[in-house]
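K.L.:
Chain by chain, the residues:
Number of protein chains: 2
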Amino acid sequence: MSNYRPRLLRVNLSTGACQEEDIPEKIVIDFIGGRGFGIKYLYDELQPGIDPLGPDNKLIFSIGPLAGVGALSTSRWLVTSKSPLTGTYFRGSGGANFGAWMRFAGFDVIIVEGAAKKPVYILIEDGRCEIKDGGNLWGKNTIETQKLLKETHGNQASIACIGPGAERFIRFAGIMNERRGVGRGGLGTVMASKKLKAITIKPARKTKVTSKEFEALRREAVAALREHPFLMPVFSKGGSTVSVGLSNAMGLYPTRNFREGTLGGWEEVSAERYAALKEGDNACYGCIVHCGNLLRVKEGPYAGATSEGPDYETIGAFTGTFASNDIATTIVADSFCDQMGLDTMTAGNSIGFAFELYEKGIITKEDTGGLELTWGNHEAALELLKMIANREGLGDILAEGTKMAAERIGKGAADYAMHVKGLELPLYDPRGAKWHGLNYITSPMGANHNLGYGIQEMFNNPYPRPVDRFAEEGYAGVVKFNQDLTAGIELGILCTFVSTSQVPPLPLFCKMLASVTDIPQFSVSSLFLVGERIWNLERLFNTREGFGRKDDAYPKRFTTEPLKKAGPSEGAIIRNPEGMLDQYYAVRGWDHEGVPTAEKLMSLGLKE
Amino acid sequence: MSNYRPRLLRVNLSTGACQEEDIPEKIVIDFIGGRGFGIKYLYDELQPGIDPLGPDNKLIFSIGPLAGVGALSTSRWLVTSKSPLTGTYFRGSGGANFGAWMRFAGFDVIIVEGAAKKPVYILIEDGRCEIKDGGNLWGKNTIETQKLLKETHGNQASIACIGPGAERFIRFAGIMNERRGVGRGGLGTVMASKKLKAITIKPARKTKVTSKEFEALRREAVAALREHPFLMPVFSKGGSTVSVGLSNAMGLYPTRNFREGTLGGWEEVSAERYAALKEGDNACYGCIVHCGNLLRVKEGPYAGATSEGPDYETIGAFTGTFASNDIATTIVADSFCDQMGLDTMTAGNSIGFAFELYEKGIITKEDTGGLELTWGNHEAALELLKMIANREGLGDILAEGTKMAAERIGKGAADYAMHVKGLELPLYDPRGAKWHGLNYITSPMGANHNLGYGIQEMFNNPYPRPVDRFAEEGYAGVVKFNQDLTAGIELGILCTFVSTSQVPPLPLFCKMLASVTDIPQFSVSSLFLVGERIWNLERLFNTREGFGRKDDAYPKRFTTEPLKKAGPSEGAIIRNPEGMLDQYYAVRGWDHEGVPTAEKLMSLGLKE
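In order, the protein sequences belong to chains A and B.
The numbering of the first sequence is this note's numbering, which starts it at 1 and goes up by one.
The numbering of the second sequence is this note's numbering, which starts it at 1 and goes up by one.
Read the hints as simulated data drawn from the structure, not as lab findings.
Yeah, the Cβ is synthetic: ideal placement off N, Cα and C, and Gly gets one too.
Please note that a few of the clues may not be correct.
Derived lysine-lysine pairs resembling DSS-like cross-links, with alpha carbons at most 25 Å apart [as the list claims (entries may be wrong)]:
1) A:195 x A:132
2) B:556 x A:26
3) A:212 x B:26
4) A:26 x B:564
The following label-pair restraints were derived from C-beta to C-beta distances [to be verified]:
5) A:205 x B:549: 55 to 63 Å
6) A:470 x B:573: 49 to 57 Å
7) B:459 x A:3: 43 to 51 Å
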């Protein structure tokens with residue numbers, strides 16, 4: 001009925017079989033693409049209780065109908081799996097060009113299942129799929145791996161690969177494509193568990209949607225982006241580094257492992273300072289924003305070090321958490337994590353966690369191999385990062401993530417492990433952004449900032465209405481709105497940076513989706529409906545795994561310690577998290593335990 | 001994009017203009033038909049604050065895409081307007097054949113606006129519309145009116161008309177088609193205010209959907225109806241009279257103006273007793289259930305009296321409310337109301353109200369013109385009914401409905417006026433069916449039983465899950481489900497009697513809608529989405545008129561007096577109506593005052 005005929009490639013690494021499949025029409029209509037396909041296949045194909053690092057886990061790469069068709073900022077790709085860090089549903093989101101290359105290869109979904117006996121990579125070329133020997137790649141970092149594969153398959157290849165971090169089963173290793181990563185949740189570790197070093201796509205054909213209607217919509221979207229008062233004039237210049245000043249001014253910049261809300265001397269890591277180190281920029285496929293900063297350290301012991309980045313979250317993770325304001329450290333750490341294929345956010349948070357344990361005497365110099373983890377000691381932080389990457393000493397424990405590390409360390413360490421469901425916190429203190437914070441505890445994959453970003457609180461954006469960031473009553477509906485909207489946006493898959501600026505405007509984005517999917521009735525409310533369907537199916541996945549209300553909880557600190565040194569957020573604390581959860585479950589149509597009710601599932605078409 | 005091209009006929013009685021219009025594609029896709037078109041046009045075209053009985057009010061007749069196309073029980077027609085009884089949005093639902101005839105005439109919507117200077121009727125014949133002189137019809141009852149118009153235009157005409165009740169501006173006069181009425185809310189009175197006696201449709205052509213796909217679905221629906229364990233074996237035999245026994249057994253049968261829950265001697269008005277008086281049956285167009293009972297009183301003072309009906313609600317209104325169990329009275333009253341064009345439910349409730357005022361001494365024999373309104377005095381009840389129809393004495397006051405009548409009478413009469421927002425209560429006591437009861441206070445048109453019927457409580461039907469009818473926590477989501485579902489069903493427009501039995505099954509019903517509208521993606525979740533959109537737009541209409549939380553309230557009795565003589569419902573009382581409202585508003589995504597939030601409206605496509 002629709003001309004949109006997404007296709008699926010299934011690669012079984014145990015048997016070596018590659019198989020192409022149509023995606024059933026009912027799935028296409030109900031889930032559209034991207035994140036929808038990810039959870040639908042994961043939910044349907046994974047048995048509950050399987051080991052995330054065993055052969056029964058699957059990796060589902062997916063793109064949306066707008067990938068690689070000429071629209072701006074809509075070629076992101078997702079990886080969906082069961083996370084070894086959290087044990088929950090997880091989806092990572094990647095930039096660069098792998099998404100567009102999936103479109104060119106003709107596959108909307110690639111499911112990788114089983115596990116190889118020895119290192120391999122998948123080659124997709126001219127519509128064929130091959131499983132190739134990856135022995136020579138194993139052990140190589142993500143830069144070298146991509147370089148080697150391009151030497152073999154040409155510079156036009158796009159490669160999603162893992163680094164040594166994943167191979168060492170560090171639970172927060174990601175997947176890299178160019179210098180952009182699917183960072184969080186250990187999806188690279190899942191890939192390593194399958195002995196899959198990389199997926200290489202050599203473009204076969206370039207698909208181009210050429211309908212006049214779509215072209216007009218595309219132009220309208222480009223104009224909206226160009227005319228936006230923030231995206232090109234500000235964001236394009238420095239990317240998310242601009243948030244450092246914003247977050248410190250609000251008193252939300254996590255400092256000393258989330259004890260304080262402003263970093264002394266934060267100006268040293270401000271957007272201006274990064275701008276001074278900028279030598280160029282980089283963009284994802286089909287994006288004119290170019291938010292990637294190519295930076296070079298100019299002086300000091302790390303002079304000459306370069307990175308594409310760091311972005312705001314990485315800066316936060318490698319400064320405030322251990323009370324450093326050393327800009328060079330952030331660049332070195334960023335580059336190192338990219339090469340090793342590690343999640344900067346979990347890595348930096350884990351280091352801040354270790355610093356606090358050291359202060360409290362829970363760990364000592366004996367544990368740290370002599371490192372003095374005193375606040376601000378950024379050299380020690382970088383050393384500890386290397387120990388994590390090499391699984392040496394304390395690093396071997398931290399390589400499990402703060403939740404498991406705290407369990408192993410004992411002695412009350414868990415009180416200082418800043419995570420939800422095992423995923424370390426994003427770099428905005430939820431005590432001063434309570435509704436954004438409600439995402440951290442209700443997201444299906446632990447503390448994540450990108451599944452329902454609280455633009456209302458962070459940017460005073462009254463969309464769809466203003467939110468009081470300190471209130472604990474009245475805004476659960478906005479949280480649901482942000483979450484369902486994001487799930488809908490990730491059908492596209494539009495970049496969060498532009499979508500949270502309402503570019504393109506939602507009705508236009510929906511028209512673009514309607515045009516390329518040939519589902520003419522697809523409207524804003526369709527997007528919210530599919531988004532809500534996705535959110536509920538993700539929740540059902542976790543419910544099936546045994547997660548529930550008890551797991552929708554903050555680290556102890558946020559409900560017991562007022563935020564200090566936090567300017568306008570001074571003294572903020574989460575007083576009634578259960579009350580906020582009650583409001584949230586009610587507006588979601590979930591029961592008191594956070595389980596979607598029969599009526600909610602039926603009305604979403606998830607139950608007959 | 002879709003082959004479904006519904007058309008609208010606009011008749012302006014002030015100017016005499018008849019005009020055909022396309023319904024814009026956006027409205028078609030967002031609102032589909034029936035109830036959707038009703039509220040969409042009413043919301044867009046009515047200015048807030050207009051007098052329901054002035055020329056600025058409109059009457060919107062609408063059908064759904066399944067009317068007159070051969071599907072079973074889907075040819076109901078709706079009338080949407082601002083009610084003179086409640087001042088709210090109102091929609092009445094009619095059976096018989098007028099809905100199918102609208103389809104044959106080629107109009108999905110007929111909007112009547114303005115007001116004529118002298119009595120007229122509208123004739124729609126061979127695709128033409130004429131406003132004809134109705135002087136000779138004015139004053140005639142609904143039987144005579146239809147007879148006269150058929151003499152002029154032929155027996156194949158279908159006529160929707162008003163009776164003398166509406167002409168006398170009784171605020172609860174309805175619109176009759178054959179012997180089925182659009183009873184509630186005074187929509188006939190609106191028609192009278194426009195001096196419109198009738199709309200007569202002479203079928204021009206018979207539309208028939210002949211696609212093989214639709215034919216297969218239609219057959220499946222017929223089979224589902226034939227195989228249903230209740231509908232043909234039980235319901236078809238006696239219609240809703242079966243509920244008398246059920247309701248008394250549950251202790252929900254309103255007795256003595258809702259003081260008690262069981263009527264002494266209710267067996268005299270049981271399904272069996274009505275069956276004994278049955279001489280035949282009657283069906284709406286395209287329905288094999290034939291739930292209309294053709295009854296004749298066999299003996300006593302009313303021997304020879306006949307009626308098509310009464311149904312359960314009418315039986316309840318003319319027995320328990322004033323503590324009578326006289327079966328003949330119910331038949332005589334039913335027939336009288338049909339002829340006068342009066343709502344039996346409001347009429348009977350008003351009489352029960354008067355009986356209690358009499359008992360309390362708030363009114364006396366002086367007010368009643370000598371009638372002794374003592375419990376069980378059914379002769380007096382029938383006399384009072386005639387006084388209402390003739391607007392004589394106390395009847396003239398009761399003709400305004402219990403809410404306005406209580407205001408005029410004063411002396412605490414309002415405590416005994418059993419209504420919500422001015423609409424008198426259906427005949428199930430909400431104290432023993434609390435979630436069904438939540439409909440009464442949250443429905444956009446006052447106490448109505450058919451906008452979200454609580455089958456879970458009334459029939460122990462665990463669809464979508466069982467409900468504890470005495471609980472005050474945990475089922476607001478089921479109420480929302482029932483309401484959104486009903487609004488979705490009324491796109492069809494499927495009869496409530498079969499739809500509440502899940503016939504045809506919802507997925508099949510949606511496939512039928514998808515087939516005839518040529519919106520192939522139309523699914524169960526689409527139905528709930530459109531249903532929720534409708535419900536919210538209806539709420540917005542009322543919000544614009546000044547209604548809010550304060551108006552979502554029960555009559556005092558239900559929160560202050562335990563239900564007596566009520567068997568398993570003995571002692572039931574509504575303890576925390578505000579708490580139930582809180583739950584309901586939360587699950588609806590409305591704010592504390594019951595106003596839909598910006599995020600809810602945006603996600604429903606009701607706000608950009």
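K.L.:
Decide, hint by hint, whether the structure agrees.
P.N.:
To see whether the hints hold, each was checked on the structure:
no.	hint	result
1	A:195 x A:132	holds, 11 Å
2	B:556 x A:26	violated, 50 Å
3	A:212 x B:26	holds, 21 Å
4	A:26 x B:564	violated, 53 Å
5	A:205 x B:549: 55 to 63 Å	holds, 60 Å
6	A:470 x B:573: 49 to 57 Å	violated, 39 Å
7	B:459 x A:3: 43 to 51 Å	holds, 45 Å
In this structure, the earlier hints numbered 2, 4, 6 are contradicted, and the remaining ones agree with it.
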